[in-house]
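> Here is what each chain is made of, one letter per residue.
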Amino acid sequence: MRKYWVLQRKSFSFLVDKKTTVSIFALILAAVVAMLISIGVGDMYIPPWDVFQALLGTGIDINQLIILEFRLPRVLVAFIAGASLALSGAILQGIIRNPLASPDMIGITGGAGFAAVAFLTMFSDDSNNLLLSINYLPLFAFGGATIVAFLIYVLAWKDGVTPIRLILIGIGLMALLQALTTLMMLIGPIYRASQATIWLTGTVYGTSWNEVKALLPWFIGMLPILVLLVRRLNVQGFGDDLTKGAGISVHRERFLLLMVCTALAGSAVAFAGAMGFVGLIGPHIARRISGSSFGGLLPASALIGGIMVVLADLAGRTLFSPLEVPAGVFTAAIGAPYFIYLLFKNQ
Amino acid sequence: MAVLTTSNLTLAYGKEPIIDELNLQIPKGKITVLIGSNGCGKSTLLRSMARLLTPKGGHVLLNGKDVAKRSTKQVAKELAILPQGPIAPEGLTVLQLVKQGRFPYQSWLQQWSQEDEQAVMNALRATNLIPYMETPVDSLSGGQRQRAWIAMTLAQGTETILLDEPTTYLDMTHQIEILDLLFELNESEKRTIVMVLHDLNLACRYAHHIVAIQDKTVYAEGAPEDIMNEQLVEDVFQMSSTVIPDPVFGTPMCIPYGKGRVVRHVNTPQYA
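Quick note, the sequences are listed as chains A and B, same order. Under numbering that gives the first Met the number 0, the residue at position 316 of the first sequence is numbered 315, and the numbers go up by one with no gaps. Under numbering that gives the first Met the number 0, the residue at position 162 of the second sequence is numbered 161, and the numbers go up by one with no gaps.
None of these hints come from the bench; they were simulated from the model. Backbone N, C-alpha and C define an ideal beta-carbon position, used for all residues, glycine too. A couple of the hints might just be wrong.
Said to hold, decoys possible - Selected chain A positions facing chain B (in silico; Cβ < 7 Å): (1) Gln-7; (2) Phe-11; (3) Phe-13; (4) Leu-14; (5) Lys-17; (6) Thr-19; (7) Ala-25; (8) Asp-240; (9) Gly-244; (10) Gly-246; (11) His-250; (12) Ile-288; (13) Ser-292.
As the list claims (entries may be wrong) - With a straight-line cut-off of 25 Å between C-alpha atoms, the simulated SDA-like cross-links for lysine to any residue are: (14) Lys-76/B with Phe-13/A; (15) Lys-18/A with Pro-135/B; (16) Lys-18/A with Val-40/A; (17) Lys-17/A with Asn-121/B; (18) Lys-344/A with Thr-134/B; (19) Lys-29/B with Tyr-12/B; (20) Lys-64/B with Glu-220/B; (21) Lys-29/B with Pro-244/B; (22) Lys-157/A with Pro-54/B; (23) Lys-27/B with Glu-183/B; (24) Lys-157/A with Tyr-12/B; (25) Lys-72/B with Ser-10/A; (26) Lys-212/A with Ile-133/A; (27) Lys-344/A with Gln-143/B; (28) Lys-27/B with Ser-187/B; (29) Lys-18/A with Glu-89/B; (30) Lys-215/B with Pro-244/B; (31) Lys-64/B with Asn-7/B; (32) Lys-14/B with Phe-13/A; (33) Lys-72/B with Glu-252/A; (34) Lys-27/B with Ala-125/B; (35) Lys-18/A with Gln-105/B; (36) Lys-344/A with Ile-133/A; (37) Lys-9/A with Phe-236/B; (38) Lys-2/A with Gln-110/B.
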């Protein structure tokens, strides 16, 4: 049996890897199942069939309310945030050509974290009231991520931006931002510090359709850009010289892709907090399933990232019930050991 | 006829020029080898000829046209470069690697045309890699891996191929294998090959044309048998040597002096 489908017509031609295509469909199925389970399980268990009916709008009122108003938007935000983070990580690992690169590693997430903590502490008065609506927090977080991404790019510039400068400057900025974030939390009101900690861990607690509406356009908006750039991303993996040799303007392309990473990671973090390790681990798991070619790697990363956060949130809601543990605790709990394993294997 | 020409080319990474006001012509359809001591700028020169390095002054002309002024994708259809020690992303298969050589010809809708398929299969065949198509590049042996990269540059279907030290890190068998492959390509398809090599004896055997770089410019260029001699080795490499015809191939062979064991027989010429 051949391993590829070959489509060759006058106006178009593609080479499609069978195994990758099958695994992507399997992942889509897994994602749907994970989301359905997550929608059904909680303080009140709703059987799968009733979940279906509620989603179709023919369920009983109480199920409709729980599912459509509370659980569905939360699961959607979890999935989109996870997918965005993993996509962002997969792209970064491609352009930086380093398997350890991720938005948390080079400070993009750190920028969002600092901005969010600054928002919580600076706009808080003595009686612990926020002077600005909490609805502005995502805006600050997104702004922080964007500013840091630009800073990394500008500081790394020296007749163009090389991957090694990008990652070193990124790591430096991340360390600085972490210190500033800690400082912010220490000098701010104590109540805000615990709120900030939860945010920095990453949680989709209390998300509603408003968050879905704000997050979805960023995710959907980046997809066509990625579809267009995916071929180029494959070439970039060979290094600057070969990329240029193949006829690609390396620096322009790298800037564009970095902006896509920032938009994806920035929007995800804005609504789901600084969820750790998804951007790092998601692409690695995906690579094992779909191979290294970005045509398969990007969709697989997005699906894995989404599944990771959906399951982490499910665990956080149910394992220690009635206590809610932020989903980020679980992504880190799985991610950190895996990260050490990666370092160990790369020696 | 020259396929690549440099006119008053000045190259530098910082302030100090590495190549100064160089005028050089690379003959079409021949194998040209750049030689010179470490850090003499031969790799830099090769990179600038492939538009990977912007000159501080002067121009590089490819088939008579300035490479800096042409679209980089257009240049990619006429000239391919294989840099030194390229690294493939983890897990990428040989086919996925070689396929990327077709990038300049593809568009979003045309990702695998019949021409692409043919060029890739021909490149895999020429490099004996058909059985390894689905093998990840990082699990190949050094020689196979280098062949895979050469296959990628072949798939690019260019008349001119530039290679920076294509035999580095390879054992003798694989060095010869790679050079034989390039020699055959030149013989059968008349492709112009320009490469940097460190082994002078192999350079003399495989090159039609040698360019010796010294002191920011060309010290000598021409057929190996015309220009290779003790004086050149002394001036370019600061090394005393004896240059004799290779007993098997007849091409110049350089025996560098130095310390080491000497076993005297009747025919051992004496030196120093």
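> Next step is simple, just say for each hint if it's right about the structure.
Structure-based check of each hint:
A hinted interface residue such as Gln-7/A counts as satisfied when its beta carbon comes closer than 7 Å to some beta carbon of chain B; here the least separation is about 6 Å, so the hint holds. The interface hint given for Phe-11/A holds, since its Cβ lies 4 Å from the closest Cβ of chain B, which is under the 7 Å cut-off. A cut of 7 Å between beta carbons decides the hint on Phe-13/A: the least distance to chain B is about 5 Å, and the hint holds. Among the interface hints, the one on Leu-14/A holds; its C-beta lies about 4 Å from the nearest C-beta in chain B, closer than the 7 Å criterion.
Using the Cβ-Cβ criterion of 7 Å, the hint placing Lys-17/A at the interface with chain B is not satisfied: the shortest such distance is roughly 12 Å. Checking Thr-19/A against chain B by beta carbon gives a least distance of about 11 Å; that is not within 7 Å, so the hint is violated. Taking 7 Å as the C-beta contact cut-off toward chain B, the hint placing Ala-25/A at the interface is violated, the least distance being around 19 Å. Taking 7 Å as the C-beta contact cut-off toward chain B, the hint placing Asp-240/A at the interface holds, the least distance being around 4 Å.
With 7 Å as the threshold, the beta carbon of Gly-244/A comes within range of chain B, its nearest partner Cβ sitting at about 4 Å, so the hint holds. For Gly-246/A, the interface hint holds, since its Cβ comes within 7 Å of a Cβ in chain B; the closest pair sits about 3 Å apart. Interface restraint check: His-250/A against chain B, minimum CB-CB distance 12 Å, threshold 7 Å, status violated. The restraint placing Ile-288/A at the interface with chain B is violated, with a minimum CB-CB distance near 11 Å, outside the 7 Å limit.
At a threshold of 7 Å, the smallest CB-CB gap from Ser-292/A to chain B is about 5 Å, leaving the interface hint in force. With a C-alpha separation of about 21 Å, the suggested pairing of Lys-76/B with Phe-13/A holds against the 25 Å cut-off. Between Lys-18/A and Pro-135/B the alpha-carbon distance is near 15 Å, which keeps this suggested pair within the 25 Å criterion. Proximity of Lys-18/A to Val-40/A is assessed by CA-CA distance (about 33 Å); at most 25 Å being required, the pair is judged violated.
The hinted pair formed by Lys-17/A and Asn-121/B meets the criterion: a straight-line CA distance of about 23 Å does not exceed 25 Å. Taking the CA atoms of Lys-344/A and Thr-134/B, the gap is near 20 Å; set against the 25 Å cutoff, the hint holds. This hinted pair does not check out: Lys-29/B and Tyr-12/B have alpha carbons roughly 30 Å apart, beyond 25 Å. Proposed proximity of Lys-64/B and Glu-220/B is supported: the alpha carbons are some 23 Å apart, at most 25 Å.
For a cut-off of 25 Å, the pair hint linking Lys-29/B to Pro-244/B stands: about 22 Å separates their Cα positions. For a cut-off of 25 Å, the pair hint linking Lys-157/A to Pro-54/B stands: about 16 Å separates their Cα positions. Between Lys-27/B and Glu-183/B the alpha-carbon distance is near 16 Å, which keeps this suggested pair within the 25 Å criterion. Straight-line distance between C-alpha atoms of Lys-157/A and Tyr-12/B comes to about 12 Å, which keeps the hinted pair within the 25 Å bound.
For the proposed pair Lys-72/B and Ser-10/A, the alpha carbon gap of about 21 Å is at most 25 Å, so the pair holds. Our distance criterion of 25 Å between C-alpha atoms is met by Lys-212/A and Ile-133/A, whose separation comes to about 17 Å. The hinted pair formed by Lys-344/A and Gln-143/B meets the criterion: a straight-line CA distance of about 24 Å does not exceed 25 Å. Taking the CA atoms of Lys-27/B and Ser-187/B, the gap is near 14 Å; set against the 25 Å cutoff, the hint holds.
Taking the CA atoms of Lys-18/A and Glu-89/B, the gap is about 18 Å. The hint holds against a cut of 25 Å. For the given pair, Lys-215/B sits about 29 Å from Pro-244/B by alpha-carbon distance, which is inconsistent with the 25 Å threshold. Proposed proximity of Lys-64/B and Asn-7/B is supported: the alpha carbons are some 15 Å apart, at most 25 Å. For the hint pairing Lys-14/B with Phe-13/A, the CA-to-CA distance comes to about 48 Å; that exceeds 25 Å, so the pair is violated.
With a C-alpha separation of about 14 Å, the suggested pairing of Lys-72/B with Glu-252/A holds against the 25 Å cut-off. The suggested pairing of Lys-27/B with Ala-125/B holds, with an alpha-carbon distance near 22 Å, which does not exceed 25 Å. Proposed proximity of Lys-18/A and Gln-105/B is supported: the alpha carbons are some 23 Å apart, at most 25 Å. Using a Cα cut-off of 25 Å, the hinted pair Lys-344/A and Ile-133/A is violated, with the two alpha carbons roughly 43 Å apart.
Note on Lys-9/A and Phe-236/B: the hinted pairing is violated, with a Cα-Cα distance of about 56 Å set against a maximum of 25 Å. Between the alpha carbons of Lys-2/A and Gln-110/B the distance comes to roughly 17 Å, so the proposed pair stays at or under 25 Å and holds.
Checked against the numbered hints above, the structure violates hints 5, 6, 7, 11, 12, 16, 19, 30, 32, 36, 37; every other hint is satisfied.
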